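Note that the protein sequences, when read in sequence, are chains A and B. Taking my numbering, the leading residue of the first sequence gets 2, the next gets one more, and so forth. Taking my numbering, the leading residue of the second sequence gets 2, the next gets one more, and so forth.
Bear in mind the hints are in silico, worked out from the structure with no lab data behind them. Keep in mind that this is a model prediction, so the values were computed, not measured. It is possible that some hints are incorrect.
Heads up, the list lumps identical chains together, so a pair's fine if it works in one copy or across two of them.
Under the rule of at most 30 Å between Cα atoms (straight-line distance), these lysine-lysine pairs were calculated in the BS3-like manner [unchecked claim]:
#: 1; residue 1: Lys150; residue 2: Lys172
#: 2; residue 1: Lys178; residue 2: Lys157
#: 3; residue 1: Lys262; residue 2: Lys172
#: 4; residue 1: Lys14; residue 2: Lys245
#: 5; residue 1: Lys29; residue 2: Lys271
#: 6; residue 1: Lys223; residue 2: Lys175
#: 7; residue 1: Lys163; residue 2: Lys175
#: 8; residue 1: Lys137; residue 2: Lys28
#: 9; residue 1: Lys29; residue 2: Lys137
#: 10; residue 1: Lys150; residue 2: Lys163
One-letter residues, chain by chain:
Protein chains: 2
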Amino acid sequence: MNYTDKLKNIVSKNKSNLVIGLDPDLKKLPDMFLKYKNPVAVFNRLIVENTKDIVAGYKLNSAFYECLLEEGIVAIWHTLNLIPEDTIKICDAKRGDIDNSAEMYARTFFDDYNFDSVTLSPYMGEDSVAPFIRRKNKFVYILALTSNKGHNDFQKLKVGEKYLYEEVIDKSMKWNKDNNIGFVFGANHTQEIQNFIRANPEIPLLIPGIGAQANDLENLMKSLGTNENFVINSGRSIIYSSAKDCNENEFIEAVRTGAMKLNEEINVFKKYN
Amino acid sequence: MNYTDKLKNIVSKNKSNLVIGLDPDLKKLPDMFLKYKNPVAVFNRLIVENTKDIVAGYKLNSAFYECLLEEGIVAIWHTLNLIPEDTIKICDAKRGDIDNSAEMYARTFFDDYNFDSVTLSPYMGEDSVAPFIRRKNKFVYILALTSNKGHNDFQKLKVGEKYLYEEVIDKSMKWNKDNNIGFVFGANHTQEIQNFIRANPEIPLLIPGIGAQANDLENLMKSLGTNENFVINSGRSIIYSSAKDCNENEFIEAVRTGAMKLNEEINVFKKYN
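Based on the provided sequences and hints, a complete structural model is requested.
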């Protein structure tokens, strides 16, 4: 099954456009996890086991696993094994390299780990994306307009009549022969999201920046209208919602409540669109 | 010691501006390495042990290690441990992410592995670079104008009077308060390298694209003039210069000869500048 169908199916089945960002920082994990040999594997397991019926998927940012070295690799395997087959697995890798290196990354994230999709940075152009989209049932989200302050430095530069991020979108759409390219828009860019969706209703968006980055969910949801081809990523505000000295039940309760609450808010706003 | 001094010292000591790209692909390794538990660690060891007196440093592209999973991490450790303290260790990671993720990458590559420098992709702007350059004795090479075909897609777009890659350089130079930012230019962009060096003679360049990517060394060296603040990376043409069925001595001989020959060519061209 291709990615866009898989995405539609899970959004419909779990009534959820929510993706939980599994970005585990050892310094922020509740103390109870530190007794385990691989704290992050247990932390992720409890999150996945207790939210998998109310999310569209999970996004693992590679930065948080690489810094754990071998333990990070084990934690990724453990986590991916627990995520149901019909649920979206995104690796937030933001890679971008020449063809032979990009092929190695594609092999790692798609062929080996079996992620469904990765995020890519567009700066090096078409041949840095090609090895990923050659895997036709896999999917890439290319960075368009990101949520951080630094998005102003280059993404909003004017290239002729367009912004650079619009040029990134236009060029990427030309590479999108197999319908396996989507884009990352930060939740703060509601007007740009609305413009994009009007022109490209079928192209999936990955939208981070709700939660710890504290953008306005209501405005975001208005900009999405009746579109269903999006996932909203929220990480820190869900996975760190318990007290540092919580026990296992309190942790589970806090995480499930946090995820459920955000998912319900998204669904309520969708009804009014 | 800061990076630019370290670079000058090793270039002078070893009479070399050559960096060997350690990008080991299991499919291309001579057969003799496949009998080892960690073929890449042994492959890299033989290269480092037999070239360390004639190079400025080594560049490890993270793509080629990540695809080996745990073995890749072990191979990085083994390799870095063999590289002399005064020799440059570059991680070609091309990362670029929001501040808290960038901090995790900086921790991994700088604090943990103890690389001297990393390559970064500029698309996400200042806060994606900040955690790296906050480590003042560490160094980043920001992608400016890359060697691949895809450099035309975005890097050469006109932003007002300038190209995007020039805008990347100008903005990055403003962040360069601690003199720990340099740039990546592909070896094919000789005119642009010459222009850059005339305006910024003190800023270190990392120049890939000599060897397997088959660009013209003579033209490149002319564009560098009397500048010394550069390293030329060559990987595949050196590390795969032996036959697939070679023995250990033949491998060592081929690699050392390949590295020495390229280094001597660079030095001969330098004399005429």
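Hint check:
1. Lys150 / Lys172: both (24 Å within a copy, 14 Å between copies)
2. Lys178 / Lys157: Answer is both: 27 Å inside a copy and 24 Å across each meet the 30 Å cutoff.
3. Lys262 / Lys172: neither (38 Å within a copy, 41 Å between copies)
4. Lys14 / Lys245: Neither, since 33 Å and 52 Å both go past 30 Å.
5. Lys29 / Lys271: neither (32 Å within a copy, 53 Å between copies)
6. Lys223 / Lys175: within (28 Å within a copy, 38 Å between copies)
7. Lys163 / Lys175: both (16 Å within a copy, 25 Å between copies)
8. Lys137 / Lys28: Between. Shortest inter-copy distance 24 Å satisfies the 30 Å Cα cut-off; intra-copy 38 Å does not.
9. Lys29 / Lys137: between (38 Å within a copy, 26 Å between copies)
10. Lys150 / Lys163: both (20 Å within a copy, 23 Å between copies)
Going down the numbered hints, you'll see the structure goes against 3, 4, 5, while the others check out.
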